[in-house]
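Chains as they are written, first to last, in the UniProt record's numbering: chain A, 1 to 500; chain B, 1 to 353; chain C, 1 to 362; chain D, 1 to 361.
These are computed hints drawn from the structure, not numbers from a lab.
Warning: the hint list may mix true and false statements.
Claimed, not checked - Cross-link-like lysine-lysine pairs, in silico, DSSO-like; alpha carbons within 30 Å at most:
{"#": "1", "chain 1": "B", "residue 1": "LYS279", "chain 2": "B", "residue 2": "LYS301"}
{"#": "2", "chain 1": "C", "residue 1": "LYS328", "chain 2": "B", "residue 2": "LYS280"}
{"#": "3", "chain 1": "C", "residue 1": "LYS182", "chain 2": "C", "residue 2": "LYS9"}
{"#": "4", "chain 1": "B", "residue 1": "LYS286", "chain 2": "C", "residue 2": "LYS246"}
{"#": "5", "chain 1": "C", "residue 1": "LYS182", "chain 2": "B", "residue 2": "LYS231"}
{"#": "6", "chain 1": "C", "residue 1": "LYS328", "chain 2": "B", "residue 2": "LYS286"}
{"#": "7", "chain 1": "B", "residue 1": "LYS328", "chain 2": "D", "residue 2": "LYS181"}
{"#": "8", "chain 1": "C", "residue 1": "LYS82", "chain 2": "B", "residue 2": "LYS279"}
{"#": "9", "chain 1": "A", "residue 1": "LYS317", "chain 2": "B", "residue 2": "LYS49"}
{"#": "10", "chain 1": "A", "residue 1": "LYS461", "chain 2": "D", "residue 2": "LYS181"}
{"#": "11", "chain 1": "C", "residue 1": "LYS304", "chain 2": "B", "residue 2": "LYS279"}
{"#": "12", "chain 1": "C", "residue 1": "LYS304", "chain 2": "A", "residue 2": "LYS490"}
{"#": "13", "chain 1": "B", "residue 1": "LYS275", "chain 2": "C", "residue 2": "LYS209"}
{"#": "14", "chain 1": "B", "residue 1": "LYS279", "chain 2": "C", "residue 2": "LYS9"}
{"#": "15", "chain 1": "B", "residue 1": "LYS100", "chain 2": "D", "residue 2": "LYS63"}
{"#": "16", "chain 1": "B", "residue 1": "LYS249", "chain 2": "B", "residue 2": "LYS334"}
{"#": "17", "chain 1": "B", "residue 1": "LYS275", "chain 2": "C", "residue 2": "LYS66"}
{"#": "18", "chain 1": "B", "residue 1": "LYS231", "chain 2": "C", "residue 2": "LYS328"}
{"#": "19", "chain 1": "B", "residue 1": "LYS247", "chain 2": "D", "residue 2": "LYS215"}
{"#": "20", "chain 1": "B", "residue 1": "LYS245", "chain 2": "C", "residue 2": "LYS295"}
{"#": "21", "chain 1": "B", "residue 1": "LYS160", "chain 2": "A", "residue 2": "LYS317"}
{"#": "22", "chain 1": "B", "residue 1": "LYS274", "chain 2": "C", "residue 2": "LYS246"}
{"#": "23", "chain 1": "C", "residue 1": "LYS66", "chain 2": "C", "residue 2": "LYS82"}
{"#": "24", "chain 1": "B", "residue 1": "LYS280", "chain 2": "C", "residue 2": "LYS189"}
{"#": "25", "chain 1": "A", "residue 1": "LYS317", "chain 2": "B", "residue 2": "LYS249"}
As the list claims (entries may be wrong) - Cβ-Cβ distance ranges computed for the label pairs, FRET-style:
{"#": "26", "chain 1": "A", "residue 1": "SER477", "chain 2": "C", "residue 2": "ASN137", "range": "33 to 43 Å"}
{"#": "27", "chain 1": "D", "residue 1": "PHE310", "chain 2": "A", "residue 2": "GLU148", "range": "50 to 60 Å"}
{"#": "28", "chain 1": "D", "residue 1": "ALA37", "chain 2": "B", "residue 2": "THR60", "range": "36 to 46 Å"}
Predicted, not measured: the structure shown is a model, and the values here were computed from it.
Think of the CB as a built atom: it goes at the ideal place given N, C-alpha and C, for glycine as much as any other residue.
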Amino acid sequence: MGFFFKKGNKQPKLKEQYSEETDTAPAKSKDEKESSYYNSETNLHFSIRYISTIVDQDIIQKNILPYLLDKQFASIADVKKILPIEDVQIETNEALIEEKLFNGYLVLKVHTDKQHVAFIAAKEVIVRSLSMPEVETSVIGPKEAFIEAIDQNINLLRIRLPVKELMIEEFTIGSVSKTRTALMYIDDIANMENVNTMRQRLQAIDFDQINDSSYIEQLTADNKNSPFPQFLDTERPDRAAGVLVEGKVVVLVDGSPHALIGPTNLVEFFSSPEDYLFNWITASILRLIRLFAVVFSILITPMYVAVLTYHYELIPKDLTATLITSRQVIPFPPILEALILELTIELLREAGARLPTKIGQTIGIVGGIVIGTASVEAGLTSNVLLILVALAALASFITPVYKMGNAIRFLRFPFLLFAQLLGLLGIVFCLLIVITHLLRLTSLGRPYLEPIYPPRWRDLKDSFIRLSFDKQIRRPSYVQAQKEIRFNPKHQKRRHDIEE
Amino acid sequence: MKKYILLFLCLILSGCVNKSIIDEVDIERGVGYDEASDNKIRGTILLSKYNEDGTTENVTMTVVDETSVNILSRLQRQSDSTIVYGSLKLVIFSEAIAKKDLIEISDAFVRDARLGSRMYFVISEGSAQKVLKGEYGDHGNATFISDALDHNIKHGDVPKTNLHLFVYDYTQKGRTAYLPIIKKLNQQRIDISAIGLLDRQGHLVDKVSVKDMFYLKLLVDKYSGGSQVVKLDGDRATIRSIHSKNKIKISKRNPLEMSINIKVEGIIQEYRGKKLTQKKIEQFEKKFAEEINQNTTKLIKRFQQLGIDPAGLGHNAKQQTRNFDFKKWDDEYKDLTVHVKTDVTILESGVVQ
Amino acid sequence: MQSIEAQRKIEPFIVFFVIASTQIGSGFLVFQRTVAKSAGYDAWIAVIIAGIMTHIVMFLIYKMLKEEGADLASIHQQVFGKWLGGLFNLLFVGYFCYGLLTVTRTYIELVQVWMFPDLNVFLFTLFFFVLVFYAVNSGLRVIGGLSFFSIVLPLYLIFIFLFILPYTDFRNFFPIYDHSIKEILQATKDLTVVMIGYEIILVFYPFIKNGQQSKKWAHFGLLFTTLIYLYTTVLSFAFFSEEQLKETIWPTLSMLKIVELPFIERFEYIGVINWNIIIIPNVCIYLWCASRLLKRTVKIQQRKSVVGLLFIILLIIPQLETRYQVDKLDDYFSDIGFIINYLYIPLLFVLLSIVRKVKKRQ
Amino acid sequence: MQPIKVQRKIEPFIVFFVIASTQLGVGMLGFQRIVAASAGYDAWISVVIAGIATNTVMFLIYKMLKEEADLVSIHQQVFGKWLGGMFNLLFVVYFGYALLTVARSYIEVVQVWMFPDLNVFWFTLFFFILVFYVVNSGFRVISGLSFFSIVLPLYLILVFLFILPYTDFRNFLPIYDHSIKEILQATKDLTVITLGYETILVFYPFIKNGQKSEKWAHFGLLFTTFIYLYITFLTFAYFSEEQLKETIWPTLSMLKIVQFPFIERFEYISIVNWYIIIIPNVCIYLWCASRLLKRTVNIQQRKSVVGLLFILLFLIPQLETRYQVDVLNDYIQKIGFAVNYLYIPLLFVLLLIVKKVKNKR
C-alpha cells in the first residue's frame, strides 16, 4: 500500500529538482572549448568558442585560424570578407549562441565589439555511405536507400526530381533533440491542403526527442489508437520520388533512413515498388495474390477454430475424417491449440528479428521445423492446424510494408478470440469492427479505405491491380492533386483493320 | 480498464453458446426406423467413429420408443459423448414404416434447421436396422449408401431425389413422391433394387422394379446417363442415353387429354448384327422410341390405377389451366388419355461402322 | 485495292507451310477408308495420281496469278466484270465459310467420339473461336506462323507411326494393280477432294513477297503432303485388313491406338489433341480468306466480317448433332470442293487466257 | 440548425447503397412465405407493384425535401413547433421500434439456425457495442458500412444459382391466376418489408447536393426491387406452394441445398453474412432516432444513442418466444405501412398547402 502513497508524492519533488537545476549556472561540458587569439596585424583580440566533438578541427586549422590571424581582420564585419567559408553569420542576438554552438558553429567574439557575434560553420558531418535497401528489397530496380543524413537524403530526391517546383520546408522538432525535419512536396502538383495539414501537425509537435521518422509518424497520425499505420514509410528514394510526383507529401527526418509519405490508403501498403517495374499484368496478378494472402492469413486460423468448435455441419464429409483423426489425441480445445501455435510463430519471429541475421535465419528454420514436428508428435497440436498456421504466417510476411505486416499479424488475435466466442458469427462481428475502424480512419484527412470506400472507379487502376502506364492518365483522386492529369494522352492510336 | 478486461475474460471463458468441438462429439450420419410391437418404433442410429489410422468405424445404437423424436434423447443418455445430428446424411425407413408412419416421422427432419436439404430418404427392403449394421466401404455406411445413390442419380437410372425434392413432390398438388428402395445383399454390399412410389398421404403403395427404372426416370427427371438394350430383327444394340428431357402438355380439353413428349439423345455403345448403316440407325431410333412409348404408357396406366402421379401430370395440367380445379382433376385422372411421343436421336456410333 | 505494306507480307518459302497445312486437315484422318472402298489395296496409286492433279491445278493457278496485283477478286473482275465477278466472289466466300464449318464440326465430332462424349459443343466452339479470332485478328503473318508450327510440331507423329511396323504386313499390296483403272480413278477423285484447300492461294497471293518466287515452294508443299498421304496410306493398308479398313471410320487414329510408349499408353489421345494444332491454321486461313474476299467485294472491314462470320457459324455448329449430319456436311464439301478445284479453276484459267488475249489485241 | 461540415457529408451516389441497404434486411429472409400466402405463385407481380409504390413514395419525399431541409423542418412548417416536435418524437419511437424489430428478428434467426442456446443478453450486448461503435463514428461511416453491406454479400446472388437444378420455372404458369385483390394484398404485405427508405427524410441534409442524389435513391429502390424479384422467382421455382406456406425462412431453406466441395451447408455462411446486411440497417435507424432527438429536444446525439441502446438492450431479452417476435413484426408492418403509405403522402399534401398559403402572403 505504501507504494501507492509514495507514487502520489513524487511528482512535486521532481519539479522542484528540475527548477533548482535551471537556477544554477550551467556547467561546462568537457568538449566545450574556448580560446583567445591575437591578430598582430590589426591588433585585435578575439576569442572562439566551439564544441570540439562536432566541429571539424581541420576546418579550424586550415580555413579559419590562418585567415583570422594573418589577414586584415580589423572588425567583426571583416570576417565575412576574409574567410573562405560560405556560412558566416553576424548576429547581435546573444540567445542564439547556445543553439549555434551545439549545431557545430564556431562562435567568434571580438573584444572591441561586444554587441556582435559571428557564427562560422565548421560542422563535421559523419555520413555513412549509401547502401542497399534492407526492408524494401527488390530484385530489379534502383538499389540505393536513404541513410541517416537528411541532406544526403534530400540530395537523393533532388537528383531524381530536378525541378524548381520541388519545395522543401525545414523544421526543427524536439525540445532536446532539435531534429531537423524536412517537409517536401511539388509545388504545382501537391494539394496545398495536404501540405498545410502536414505543416500544422509538424509545427504542433511538442516532444523532447525525435529519434526516427516513426516518432513523427506516431505523433502526427490522424488516429493514434489504431494498429494500422497511417503514413507509408519507405527507405527507397525511387518510391519517395514517385509519390511526390503523384502529389503526395514526403517528410524526411534527420537521423532516420525512412521517409514518411502521406496521404496514403490501405491498398497502397500492399503495393511493392517492384510492381512498377514489372509489366502490368504480372504486377497486377502479384498484387491480387498479395491481397488474397493477407485476407487468408487473417481469417484462416479463426475459421478453423470457429468451424471446429461450433459448426461441424459445414465440414464436407470427406474432410471430417481427416480433421477428427488429426485432432484425436490433442487434449486442448481448438482455440488453445491455435493460440499456442500462433504464439509460437510470433516467438520465432521475434527471436529471429532480435538475433544477428545468420543465427536468426537458422533459428527461424530450425525452430519452425523442430517445434512444429515435435508438437505434432507430442500430440499438442494437430498437423492440419500446423499447416494452416504456417501458411498464414507465410502469407503475412509477404506484406511489402513492415509496419502493415505487424498490424496484420496483430489482427489475427481478436479474430481468434471472437471465433471462439461466437463461431463464424464472431468472425463477422470482428470483421465489421475492423471495417468500421478502417472507415473511420483517415490519412492526412483523406479517407483511408479509398478507393474501396468511397468507391472511386478511377483509382482502381492503381490499387488492387496496376494498369499499364499509358492508362495512368490521372493522379489518384484521394490525393486531390492540383494538377490531376499526369500526361497528355496522345491521340489514341487508330485501330487498323487486320491487314492494313 | 481492469474491470473491462475481467469482464471480457469472463465472456471468453463462458461463451454465449454451447460448443460442439468435433472430436468431442459423436456425429450421427444415418438413422433407420423399423416397426416394433405395440405400435412403437424401433430407431437405430449410425455413428461414424474415426480411428487414428484413418478408418471409419460404424457404430449403431438401437432403442424402442413411442415417437421417433424421443429416440435420440434416449440414446443420448446411453452415450459417453454428445451425439450431434447436424450432419445426418441418410434416413432409412423399413417398408412397414413406409406404408404407415413415414410422413409423421419425416416432419422432424423437415422442421429442424440443423439438417441439410441434400440428405437422402430411402426405404429398405427388410429391416432398416439390418441395413445400417453392415460394413460397406471404408468411409462408413452412411457415406457409402449416399455416395451410391449420388452416382446412380448422376449416371444411372435412379431419378433425382433428396429431402427437399421429396417434400416438394409430396406437398405439390398434382404430384406424388417417390423414394429409392435399397436392399442389403450381404454384409459388404447393398443394391438399389427399386423405386418406391408413395401416394398422396405419403404411404408406400407400389414399387417400380429395376427393369422399369429407366422409363420412370424418363418420365420424372432428366437423364444424363443410363443405358438400354434395343433388339431389332435379331440385331441388338446397347444405346447409352446421354441426354433426355420430357415435356408434358395438355393436348386436348373436354375430355382432357395429355401428351408427354420425350426427347432422348444417345449413342450406340455396342452393336451385334449386320452392318450398321444410317438406315439401320434410323430403324433403331424408331424401335427404341416405340419401346419407350409402350413402357412409359404402361407405367402411367399403373399410376392412374393407383391414383398416384409421380410424373406430375396434375401439376403440369395446373400450369396450363387457369383456375385449375384439383377436385375435378382427381376424377378425371383415373381415365385420362395420355399419349407418349418419343423422339430418339442417335448422335454417334463409335469409331467403326 | 490499296497496296499491301511490306511488313504485312510473308516470305515466299512460308507458302510451303501454308499450302501443306491447308491440305492436311480432318480429311487426313479418314481418307483411307474412302479410297479403299473404291480401289482396295491399290489406292496408293490413286494417291500419286491425286498428287499430280493438285500440281497441275497449282500450275494453272500460278499462271493466272502471274499478272501484277492479281488475286481471285481481280481475276473475277477481269473475266466476269464487276457485278457478276462480285457474285462469284460471294460464292467463294460461301465456299470458304462452308469449309470452315466442316473442318470445325468434324474436329468437334472427333473430340466427342474419342475423348468427351458429353462435350458441351457450344462452349467448346466458343473457346475454339476465341482462339481463332485472336489468330485471324493478328493477320496473315501470324496465320503463316501458325501454319509453320502446325507442320513442324506434329511432325514427330511420322515417327510415331513407325511404332506400328511390328503389326504390319506389307504383302497386303500384292498383287499391285489388281483393280480396274476406273476403280482407281474413282479413288483418285475421292482423294483429290481430301487434298483440297490449296486454292486459297488465289486469295492470299498478293500477300506473298515476290509472288512468283513462291511458286516452287507451293509445289514443294503439294509434294510434301502427297508424300505424307502416301506414307499414311501405305502404313494403314499394311496395318488393316481390307474389311476392317472399310469399317474403320478414323483409320489414322485407330492405328495410333496400338502405339504404347513407356511413359504413355494410348497414343491416340495425344493424336486427337495434336489435331487441334493442325486444324487451327486450316480454320484460320479459311476465315481469313472469306473475310478478305468480303472486303474486296463489298468493302466490309475485315475485323467486323470475321466476328460476324464466326458468330453465324457458332450458332450453326451446335445444331448439327448426329454423326449422320456431319457425314453429310463432309460429303457436300467434297462435292463442292471437287467442282471448284478441278472444274471451275481450269475453266477460269481458260476464260482468263481468252480475256487477256482479247485485251492484248485491243 | 447549424450547417453540416462538408467532410461529414456523403457523395450523392452513396445514397444508392444507403437506400438499398435499408431495404434489405431480415425481411428478405422470410418475405416469400408472407406474399405467397396471399397471392401464391403470382406474388412476383406484387413485387413489381411494390417496387413502383416505393418509387412513388420516394418521389414525394424528394419533392418535400426540395422545399425543406429534413423531417424536422417539414414538421415544423406544417404543424408548428410543438405539435411538430411531438410528431418528431413519434418518429423517434418508430425508428426505435424498427430497430428493436430488426435486431430481435435477426437474433431469432441466429437462435433457430445456429445457436439454439444463445444467451440473448450477451449477444445483444456485443451486437450493440458494435452498433455503438459504428453510430459513434458518424453518418459517413454508417454509409460506408451500407456500401459494404451491399457489396460484400453480393456474391450470394451467384450462390443462389446453385439451386437451379432443383427448380421448375413452369411453376409460374399460368401467370395471373389470382384475383387483383389477392395480388394487392400481397403487395401491401411486401411494401412493408421493403420499408426503411423513409430514413432519407432524416439524413437528407448529410448528402452533398441533395437533389442530385434523387436518381441514385431511385436506383437504390430499383436495385432492391430486382433483388427481391430475383429471390422471389427462385423461391417459387424451388418450393411447392404448400411447402412454401410452411417454410418460415425460405431464403435460408433454399441455401440448404447448396453444397461446395470445401463447404457443406451453405446456409450457415449466409446467416453469418446477413449480419453484415443487418448492421447498417440497425445503425441507420439508431442514428436517425438520435438525430431526430437532437433536433427536437437538443440532447447530445452520443448520449441519446447510448440511452436508446440501453433501453433496447433490456427490452430484447424480454421478448422470448417466436410468437412475440411475430407480433413485433406484425406491428412494425402495420405502423410502417401507415407511416410510409398514409402519413408521408398526407404530409406531402399538407406541406403543399402550407407552402401555397405562405406564398400567397
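Going through the hints against the structure:
A threshold of 30 Å between alpha carbons decides the hint, and for B:LYS279 with B:LYS301 the separation of about 33 Å lies outside it, so the pair is violated. Straight-line distance between C-alpha atoms of C:LYS328 and B:LYS280 comes to about 16 Å, which keeps the hinted pair within the 30 Å bound. This hinted pair does not check out: C:LYS182 and C:LYS9 have alpha carbons roughly 44 Å apart, beyond 30 Å. Of the pairs offered as hints, the one joining B:LYS286 and C:LYS246 holds, with about 26 Å between alpha carbons and a cut-off of 30 Å not exceeded.
Between C:LYS182 and B:LYS231 the CA atoms are separated by roughly 40 Å; this puts the pair beyond 30 Å, and the hint is violated. Distance restraint check for C:LYS328 and B:LYS286: the Cα-Cα separation of roughly 21 Å lies within the 30 Å cut-off, and the hinted pair is therefore satisfied. Simply put, B:LYS328 and D:LYS181 have alpha-carbon atoms about 25 Å apart, close enough for the 30 Å limit, and the pair holds. Distance hint between C:LYS82 and B:LYS279 is unfulfilled; the C-alpha atoms sit about 47 Å from each other, more than 30 Å.
Taken as a hint, the A:LYS317 and B:LYS49 pair is honoured in the structure, with Cα atoms around 13 Å apart against an allowance of 30 Å. A hinted pair counts as satisfied when its Cα atoms are at most 30 Å apart, and A:LYS461 with D:LYS181 does not qualify at roughly 52 Å. Restraint check for C:LYS304 and B:LYS279: the C-alpha separation of about 43 Å exceeds 30 Å, so the hint is violated. At most 30 Å may separate the alpha-carbon atoms for a hinted pair to count; C:LYS304 and A:LYS490 meet this at roughly 26 Å.
Between B:LYS275 and C:LYS209 the CA atoms are separated by roughly 53 Å; this puts the pair beyond 30 Å, and the hint is violated. The straight-line distance between the Cα atoms of B:LYS279 and C:LYS9 is roughly 51 Å, outside the 30 Å bound, and the hint therefore fails. Restraint check for B:LYS100 and D:LYS63: the C-alpha separation of about 64 Å exceeds 30 Å, so the hint is violated. For the given pair, B:LYS249 sits about 17 Å from B:LYS334 by alpha-carbon distance, which is consistent with the 30 Å threshold.
Restraint check: the Cα-Cα separation between B:LYS275 and C:LYS66 comes to about 52 Å, which exceeds 30 Å; the hinted pair is violated. A distance of roughly 27 Å separates the Cα atoms of B:LYS231 and C:LYS328; the hinted pair therefore holds under the 30 Å criterion. Simply put, B:LYS247 and D:LYS215 have alpha-carbon atoms about 45 Å apart, too far for the 30 Å limit, and the pair is violated. Of the supplied pair hints, the one linking B:LYS245 and C:LYS295 is violated, its CA atoms being roughly 44 Å apart against a limit of 30 Å.
At most 30 Å may separate the alpha-carbon atoms for a hinted pair to count; B:LYS160 and A:LYS317 meet this at roughly 20 Å. The straight-line distance between the Cα atoms of B:LYS274 and C:LYS246 is roughly 14 Å, inside the 30 Å bound, and the hint therefore holds. For the hint pairing C:LYS66 with C:LYS82, the CA-to-CA distance comes to about 21 Å; that is within 30 Å, so the pair holds. For the hint linking B:LYS280 to C:LYS189, the alpha-carbon distance of about 28 Å falls within 30 Å, and the restraint holds.
Annotation: proposed proximity of A:LYS317 to B:LYS249 is violated, straight-line Cα distance about 41 Å (limit 30 Å). Take A:SER477 and C:ASN137: their Cβ atoms lie about 35 Å apart, and the range 33 to 43 Å holds. Taken as a hint, the range 50 to 60 Å holds for the pair D:PHE310 and A:GLU148, whose Cβ atoms sit roughly 54 Å apart. At about 43 Å, the beta-carbon gap between D:ALA37 and B:THR60 stays in the expected band of 36 to 46 Å.
Going through the hint list in order, the structure does not satisfy hints 1, 3, 5, 8, 10, 11, 13, 14, 15, 17, 19, 20 and 25.
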